[in-house]
Amino acid sequence: MSVKAMMATILQDQMTLRGVNSLSPSDYEQIVELLIEQLRELELSLAARELTDKHEPQ
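In terms of our numbering, the numbers along the sequence shown are unbroken and rise by one, the last being 58.
Be aware that one or more of the hints could be misleading.
Below, computed lysine to aspartate or glutamate pairings styled on DMTMM-like, alpha-carbon distance capped at 20 Å [said to hold, decoys possible]:
#1 K4 <-> E50
#2 K54 <-> E37
#3 K4 <-> E41
#4 K4 <-> D27
#5 K4 <-> E43
#6 K4 <-> E37
#7 K54 <-> E33
Pair ranges (Cβ atoms, derived) [as the list claims (entries may be wrong)]:
#8 L23 <-> K54: 17 to 27 Å
#9 L17 <-> P57: 50 to 60 Å
#10 H55 <-> D13: 37 to 47 Å
#11 S2 <-> T52: 32 to 42 Å
#12 L44 <-> V3: 16 to 26 Å
#13 D27 <-> V3: 10 to 20 Å
#14 L23 <-> E56: 16 to 26 Å
Don't read these hints as lab results, they were simulated from the structure. As the structure is a prediction and not an experimental result, all values here were calculated from the model. The C-beta atom is built at its ideal place from N, Cα and C for all residues, glycine as well.
Please put together the full structure from these sequences, using the hints given.
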């Protein structure tokens, strides 16, 4: 089982515990994919900011 599939299963389990039962397995996979992409973008943004801060005169 891939990490994405495991994350989708965890998300589905957690949503079910909170009463959300209307999403399909593919919905959970798409949500996980979007979360991973947003985390990648955030990571790149933070890395770029860190590099910028290191190169600015103090």
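The hints, checked one at a time:
1. K4 <-> E50: Violated - the C-alpha atoms of E50 and K4 are around 28 Å apart, more than 20 Å.
2. K54 <-> E37: 26 Å, violated
3. K4 <-> E41: Holds. K4 to E41 sits at ~17 Å (cutoff 20 Å).
4. K4 <-> D27: 12 Å, holds
5. K4 <-> E43: 18 Å, holds
6. K4 <-> E37: Holds, at about 12 Å.
7. K54 <-> E33: 32 Å, violated
8. L23 <-> K54: 17 to 27 Å: 43 Å, violated
9. L17 <-> P57: 50 to 60 Å: 52 Å, holds
10. H55 <-> D13: 37 to 47 Å: 44 Å, holds
11. S2 <-> T52: 32 to 42 Å: 34 Å, holds
12. L44 <-> V3: 16 to 26 Å: Hint holds: Cβ distance 19 Å, inside 16 to 26 Å.
13. D27 <-> V3: 10 to 20 Å: This hint holds: roughly 18 Å between Cβ atoms.
14. L23 <-> E56: 16 to 26 Å: Between L23 and E56, where Cβ atoms are some 45 Å apart, the hint is violated.
Violation of the numbered hints given earlier is confined to hints 1, 2, 7, 8, 14; the remaining hints are satisfied by the structure.
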